[in-house]
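Start from the sequences, fold in the hints, and give me the full structure.
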Amino acid sequence: NKSTCSFTITVNDTELPSITCPSNIIQANDLGLCSAVVNYTAPLGTDNCTGSATIQTLGLVSGAVYPKGLTTNTFKVTDASGNTKTCSFTITVNDTENPVINCPANISKFTDANTCSALVNYTTPVGTDNCPGQNTMQTTGYSSGSNFPLGTTINTFRVTDASGHSNSCSFTITVI
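With the working numbering applied, the sequence shown covers 244 to 419.
If you are wondering where the hints come from, they were derived from the structure by calculation, not from laboratory data.
A virtual CB, placed ideally from N, CA and C, is assigned to each residue, including glycine.
Incorrect hints may have been included.
What follows is a set of in silico ranges between Cβ atoms, one per label pair, in the way DEER data are often shown [what the hints assert, rightly or not]: (1) Ile298 with Thr257: 14 to 24 Å; (2) Cys292 with Ser331: 18 to 28 Å; (3) Val308 with Thr366: 31 to 41 Å; (4) Tyr385 with Pro265: 51 to 61 Å; (5) Thr399 with Asp355: 19 to 29 Å; (6) Thr327 with Leu303: 18 to 28 Å; (7) Ile298 with Ile269: 18 to 28 Å; (8) Cys412 with Val308: 30 to 40 Å; (9) Thr417 with Val308: 46 to 56 Å; (10) Val308 with Lys352: 41 to 51 Å; (11) Ile397 with Val369: 10 to 20 Å; (12) Asn357 with Met380: 25 to 35 Å.
Have a look at this one:
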């Protein structure tokens with residue numbers, strides 16, 4: 244007499260894959276640009292069973308041009324059983340470049356007839372920057388088209404960029 248039986252053993256992979264992202268990156272802008280090319284080693288997930296795949300789900304690839312500010316990069320590894328794990332890191336590009344401003348040359352002018360002043364016109368300086376959002380303002384002196392008094396007046400202009408960096412220039416207007 245013989246008797247047999249059978250049963251099925253199912254082994255399920257419930258172990259999550261593993262992935263480790265690089266540390267956060269802080270980098271200065273590339274000269275003259277409001278961005279930077281950033282390189283990093285992309286993470287590659289591993290698993291206890293073969294057949295895992297890693298994809299980037301958010302952010303920019305290594306070697307891309309990253310804009311000024313914060314970018315989050317997220318990577319996801321999925322194993323053959325559908326288990327997933329993600330990791331993220333940030334890349335911050337800081338604008339470290341000062342804005343630029345150039346003032347006109349010094350001006351000398353004789354007083355206008357029957358006055359102790361002179362009407363003076365000049366090209367008002369406007370600052371520039373590698374990133375948008377700069378603001379130029381006059382901090383001393385008189386605006387173009389004003390009557391300047393007898394003597395020397397110092398005109399100073401300051402440009403400030405969106406990151407708070409500033410630069411200034413000055414020129415004199417001498418009324419004789």
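Hint check results:
1. Ile298 with Thr257: 14 to 24 Å: Taking Cβ atoms as reference, Ile298 and Thr257 lie about 22 Å apart, which means the hint holds.
2. Cys292 with Ser331: 18 to 28 Å: Distance hint for Cys292, Ser331 holds at roughly 24 Å.
3. Val308 with Thr366: 31 to 41 Å: Given about 35 Å between the Cβ atoms, the range holds.
4. Tyr385 with Pro265: 51 to 61 Å: 55 Å, holds
5. Thr399 with Asp355: 19 to 29 Å: 24 Å, holds
6. Thr327 with Leu303: 18 to 28 Å: 22 Å, holds
7. Ile298 with Ile269: 18 to 28 Å: Since Ile298 and Ile269 have Cβ atoms about 25 Å apart, the given range 18 to 28 Å holds.
8. Cys412 with Val308: 30 to 40 Å: Since the Cβ atoms of Cys412 and Val308 sit about 31 Å apart, the hinted range of 30 to 40 Å holds.
9. Thr417 with Val308: 46 to 56 Å: 48 Å, holds
10. Val308 with Lys352: 41 to 51 Å: 49 Å, holds
11. Ile397 with Val369: 10 to 20 Å: Given range 10 to 20 Å: holds, Cβ gap about 19 Å.
12. Asn357 with Met380: 25 to 35 Å: 34 Å, holds
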